[in-house]
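Asks: Sequence:
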Amino acid sequence: MHSLDDLTPQPPATRTAVIVPVPAAEGVVGRHRARLDRAAGWGVPAHITVLYPFLPPDELGPVALDRLGAAIASEPEFDATFAAPGWFGSDVLWLGPHPAEPFRRLTLAVWRAFPDRPPYGGAFDEIHPHVTVAERPMGAPGDLERAEDDVRPHLPFAQHVDHALLIAGTDAPRSWRTVQRMPLGHVS
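Taking my numbering, the leading residue of the sequence shown gets 223, the next gets one more, and so forth.
To be clear, the hints were calculated from the coordinates, so they are not data collected in a lab. This one's a predicted model, so the numbers in the text were calculated from it and none came from an experiment. For each residue, glycine too, the CB sits at the ideal point set by N, CA and C. Do not take every clue at face value.
Simulated DEER-style distance windows between Cβ atoms [said to hold, decoys possible]: (1) 253 <-> 285: 32 to 42 angstroms; (2) 407 <-> 363: 41 to 51 angstroms; (3) 322 <-> 344: 18 to 28 angstroms; (4) 278 <-> 375: 38 to 48 angstroms.
Build out the structure end to end from the sequences listed, making use of the hints.
Replies: What follows is the structure, encoded as structure tokens:
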């Protein structure tokens, strides 16, 4: 069954991203993300970013998609645990995975395949995998701290990671959609 929102025409995508969805996080952080993470309003699920911004939508041809799929498949699937919240300064509340290294390797594999697309446009020196829970500009004083207090009792949780998603959208509400699901490699 489709909702009316599913039938509403969406504006053409202006940006793309490669993410690892973390559905196990939704029950823990979903209600906080809905209020305090702008990406949730865009329709982006709880996730760890592999590469953003990625290619402009008009550059997503078969060659680019094949290259992206091969980069994703070059890394084996894995399990991660999310056990504790962390902060970027006092402005972003997040959950970090353990181990974080498989996510870093996945980002590096995609970046090697697309060397002109550094993570976050090169804005940061380190790759810091995380699920964003809340952003200070989205909340009132104390909202992020209350979200942290609410999330803690629901940790840890685990997530099996066996695929990444290429998604595309705009800043419009619920505009982000999956373009392609790409499997990670199998553990030998």
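Asks: Broken hints, numbered, in rising order?
Replies: none
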